[in-house]
Amino acid sequence: MDAPARALASPGIAGADRAPIEQFLIHEALLLDERRFRDWMGLFTDDGTYWVPAVPDQESPFDQASLFYDDRDLMRTRVERLEHPRIHVQTPPSRTAHLVGNVFVEEIDEDKGEYVVGSTVIMVEYRDEAQRVFAGRQRHRLRRDGAGFRIVQKRVDLINCDSAFEAMAVPI
Amino acid sequence: MRNGHADHIAGLIEPGRVHRDVYTDPDVFELEMERIFGQAWLFVGHTSQVPQPGDFITTELGRQPVIMVRHRDGGVHVLLNRCTHRGAKVVNERKGNAPRLTCCYHGWSFDTDGRLASVPVPEGCAADFDKAAFGLARAPRVGEYRGFVFASLAAKGPSLEDHIGPMKGNIDDLVDRAPDGTLALDVGMHRYAYNGNWKLQVENVLDSYHVPFGHASTVNKQGVQFARREGDQKGAAVVESEKKQTAASWKDRKSYIAGNGHGWTSNTALDDNKRSSPAFDEYKRVLAEKVGAERAQQILTPRLHNSLIYPNMSIMGLNIHVRVIKPIAVDRTEVTIYPVRLVGAPPAMNFGNIRLLNVTHSASSFVQTDDLESFVRAQKGLRSHATDWVDISRGLGDEEPDRELNATRALATHEMVVRAQYKAWLGYMREAA
Chain A
1 MDAPARALAS PGIAGADRAP IEQFLIHEAL LLDERRFRDW MGLFTDDGTY WVPAVPDQES
61 PFDQASLFYD DRDLMRTRVE RLEHPRIHVQ TPPSRTAHLV GNVFVEEIDE DKGEYVVGST
121 VIMVEYRDEA QRVFAGRQRH RLRRDGAGFR IVQKRVDLIN CDSAFEAMAV PI
Chain B
173 MRNGHADHIA GLIEPGRVHR DVYTDPDVFE LEMERIFGQA WLFVGHTSQV PQPGDFITTE
233 LGRQPVIMVR HRDGGVHVLL NRCTHRGAKV VNERKGNAPR LTCCYHGWSF DTDGRLASVP
293 VPEGCAADFD KAAFGLARAP RVGEYRGFVF ASLAAKGPSL EDHIGPMKGN IDDLVDRAPD
353 GTLALDVGMH RYAYNGNWKL QVENVLDSYH VPFGHASTVN KQGVQFARRE GDQKGAAVVE
413 SEKKQTAASW KDRKSYIAGN GHGWTSNTAL DDNKRSSPAF DEYKRVLAEK VGAERAQQIL
473 TPRLHNSLIY PNMSIMGLNI HVRVIKPIAV DRTEVTIYPV RLVGAPPAMN FGNIRLLNVT
533 HSASSFVQTD DLESFVRAQK GLRSHATDWV DISRGLGDEE PDRELNATRA LATHEMVVRA
593 QYKAWLGYMR EAA
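Just so you know, the sequences run in chain order A and B. Residue numbers for the first sequence follow this note's numbering, so the first one is 1 and each next one is one higher. Residue numbers for the second sequence follow this note's numbering, so the first one is 173 and each next one is one higher.
Misleading hints may appear alongside valid ones.
Sample of chain A residues at the chain B side, in silico, Cβ under 7 Å [stated by the list, open to error]:
no.	residue
1	46
2	56
3	60
4	64
5	65
6	66
7	69
8	74
9	76
10	79
11	89
12	160
13	161
14	164
15	168
Calculated Cβ distances over 12 Å to all of chain B for the following chain A residues [said to hold, decoys possible]:
no.	residue
16	23
17	30
18	42
19	44
20	100
21	103
22	165
Hints are computed from structural coordinates only; laboratory data are not their basis. Here a beta-carbon is modelled for each residue, glycine too, at the ideal position from N, C-alpha and C.
I would like the entire structure built from these sequences, with the hints used as guidance.
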């Protein structure tokens with residue numbers, strides 16, 4: 001259950017092959033933009049977690065409130081709700097556009113087949129006549145799975161994580 | 173509303189309905205700031221937020237910025253966050269620790285009890301300048317119950333005891349769950365906002381009528397809500413699965429009022445005998461060790477779902493938290509939700525409470541977000557002049573006394589609690605401060 005720490009920007013690992021990792025992150029972002037939430041959940045390992053802290057530099061999801069801290073069980077409830085015909089806060093649904101960039105491979109553990117990858121994410125959301133922007137740095141712990149990857153941990157540090165938000169129905 | 177005349181205000185409230193102006197008229201809102209938020213006892217914070225001398229938090233009472241700070245002598249003060257010199261907000265951080273509170277503008281520095289400690293270039297002060305008269309203003313009245321600090325911005329009015337008296341048991345219900353008999357509000361907060369009037373949220377916390385439809389997306393095909401408490405295998409039966417009607421056990425729930433606009437709803441029917449998880453079982457053991465098995469059993473038998481301490485604070489018994497509703501404008505509201513840490517409970521139990529509150533009451537939760545949608549749509553719908561009246565008549569005349577609880581009781585899907593809130597609202601609004 002250890003949570004991914006937010007670290008200062010690292011210069012990345014020289015020579016790491018970023019291309020397949022970047023492609024994976026883009027794929028993940030597109031699943032969210034296409035509202036394929038069940039497929040998005042399928043990217044996570046069975047013990048995978050999705051965390052959006054509620055304060056900058058939050059050390060742990062275990063002793064503080066978080067915007068999101070979903071294990072697969074909670075993620076499944078979230079996805080089932082997003083698929084429910086009477087989810088009022090998604091009537092009409094959100095439309096989102098994610099942009100993922102500034103990708104750095106920060107750690108490689110070839111023995112475990114695990115990669116820690118930092119990136120900057122910007123999500124523009126439009127819903128019910130209003131558009132808003134979410135932005136921050138995200139960090140994925142990815143595990144190699146055949147030719148692709150699965151997400152062991154995803155943490156998104158929004159720059160305004162401690163502000164008062166209007167309803168947020170979809171994951172960042 | 174063109175003025176604050178008592179008869180005009182009184183005309184906005186009728187036995188089973190209220191005029192739309194109470195939600196939409198900026199003049200009504202201004203009067204609320206003066207007569208409700210300028211007079212009533214309001215929750216400021218909890219003493220656990222400022223454990224050490226110099227610890228402070230900042231918040232708002234109505235729209236007025238205040239500081240709650242612990243002084244060297246251990247006393248907790250509620251100071252108005254406005255420099256006595258030229259008016260700048262003195263403390264800008266949400267929380268922190270400082271030996272003195274220093275204004276950023278000219279450097280006036282205040283002690284943690286509000287006294288003016290030092291002024292740069294003092295020789296420039298007027299000959300009769302009296303430092304003692306330039307301390308940060310204190311909230312005229314401050315009181316505390318089991319760590320919950322309340323303040324009133326009016327010098328006169330009912331005592332805190334008279335105001336929250338009927339609700340002390342509801343506060344106890346939450347605090348007693350801590351094995352050490354005290355809470356800490358030191359595990360972060362959720363903050364959400366919506367484009368709607370503050371009373372929409374206040375009315376909603378005791379509204380059981382909306383749940384089966386408003387929260388349909390949290391209910392599975394069997395009509396059962398997701399498990400919301402540590403150790404629960406499933407949630408409450410909300411809907412009859414076949415007919416898509418409100419479940420019988422849900423319809424049986426009760427709501428209560430006990431004066432001053434306060435109220436509460438009875439517990440949600442859950443299978444408490446089956447409640448079990450490593451964290452919950454350990455918590456139960458620790459609680460029984462501290463207070464005895466019989467008392468622990470009493471404490472763990474749910475009695476309350478939500479309690480409202482009028483005008484703007486609520487306490488929840490299901491997903492335990494303290495909620496404060498802050499009016500920003502007639503059509504804008506911010507809400508702070510404090511998860512509570514049960515002092516003495518195993519960390520895993522407190523984590524269980526925190527993680528489930530993330531999905532019930534955060535800005536990104538499964539439950540609260542559908543409520544926010546309803547508040548926003550209410551504010552939009554009330555622009556319509558189709559009728560000037562909002563109906564709150566469910567169960568009108570069906571209220572009955574509950575002598576054991578010294579309260580008045582109704583079905584929770586009725587609207588007695590909303591009517592009681594408007595009775596209190598009128599009491600504040602008719603009287604000039």
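Ascending list of hint numbers which this structure does not respect | 1, 2, 3, 9, 10, 12, 13 and 22
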